[in-house]
Amino acid sequence: MDGVSSVLPQRKGVVIGGLVLIFGLPLALAWLVFQLHAGSFKGGLEHGELITPAQQFSPPPMSNGQGEAISGDLFRGKWTLVYHTPDDKTNTVPSQANPCDQHCLDLMDTLSRIRLAQDRAMREVRIVLALPTTEESPQTDGTKWVDSNIHVVTTDHWPLAPGSVYIVDPQGFLVLRYPPGFEPTGLLKDLKHLLKLAGN
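Each step along the sequence shown adds one to the number in my numbering, with nothing skipped, and position 159 is 197.
It should be emphasised that the hints constitute simulated quantities derived from the structure, not laboratory data.
Do not take every clue at face value.
Said to hold, decoys possible - DSS-like, lysine-lysine: derived pairs with alpha carbons at most 25 Å apart: (1) K116 <-> K234; (2) K116 <-> K227; (3) K116 <-> K230.
Given the sequences, and given the hints that come with them, work out the whole structure.
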């Protein structure tokens, strides 16, 4: 009996420790990411708006040009530059037309150039263009009018500010926001700085 009695507290301690790990790890990770990004930019980051406190991006249901569901893992594993067109920019034209206006196309070209400017580290960067789903164009094959390296998705409910570019880190945390009219050189410098800190 003494042996059993001594084992029970140990098991209870293991269970409690496991619960603390399960529920405490996400909070600890969020704190760590915030400390990492905030500390990284002290005295040097003045280009984008630092997202504080750190928050993980939870994308809404998304689909591609073929109507297939896209997993939220699209925002994991790499540094992601994501842009959602303002709703008032959506064309009410047949689905085969281009729902990304000239400003949108120019911005996609700029983001592609920023990615290419990272040299070998560009493999650690992806670009996502999110478009609102409309009755006129429920599915859109973006590969017809933007670079093939850009992931084009459609979604009904976008939680981030339309018209802004966001940087999402490989763990899925929002890092920086660039409002409409931002200076591309600033985003280029910030991204290069982040990649360098990450060892890329």
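Is K116 close enough to K230, meaning Cα to Cα at most 25 Å? Given that 25 Å is the threshold and the Cα spacing comes to 13 Å, the pair holds.
Are the Cα atoms of K116 and K227 separated by 25 Å or less? holds (17 Å)
Would the pair K116 and K234 pass a check requiring their Cα atoms to be no farther apart than 25 Å? Between K116 and K234 the Cα gap is close to 14 Å, so the pair holds against 25 Å.
In summary, this structure violates none of the numbered hints.
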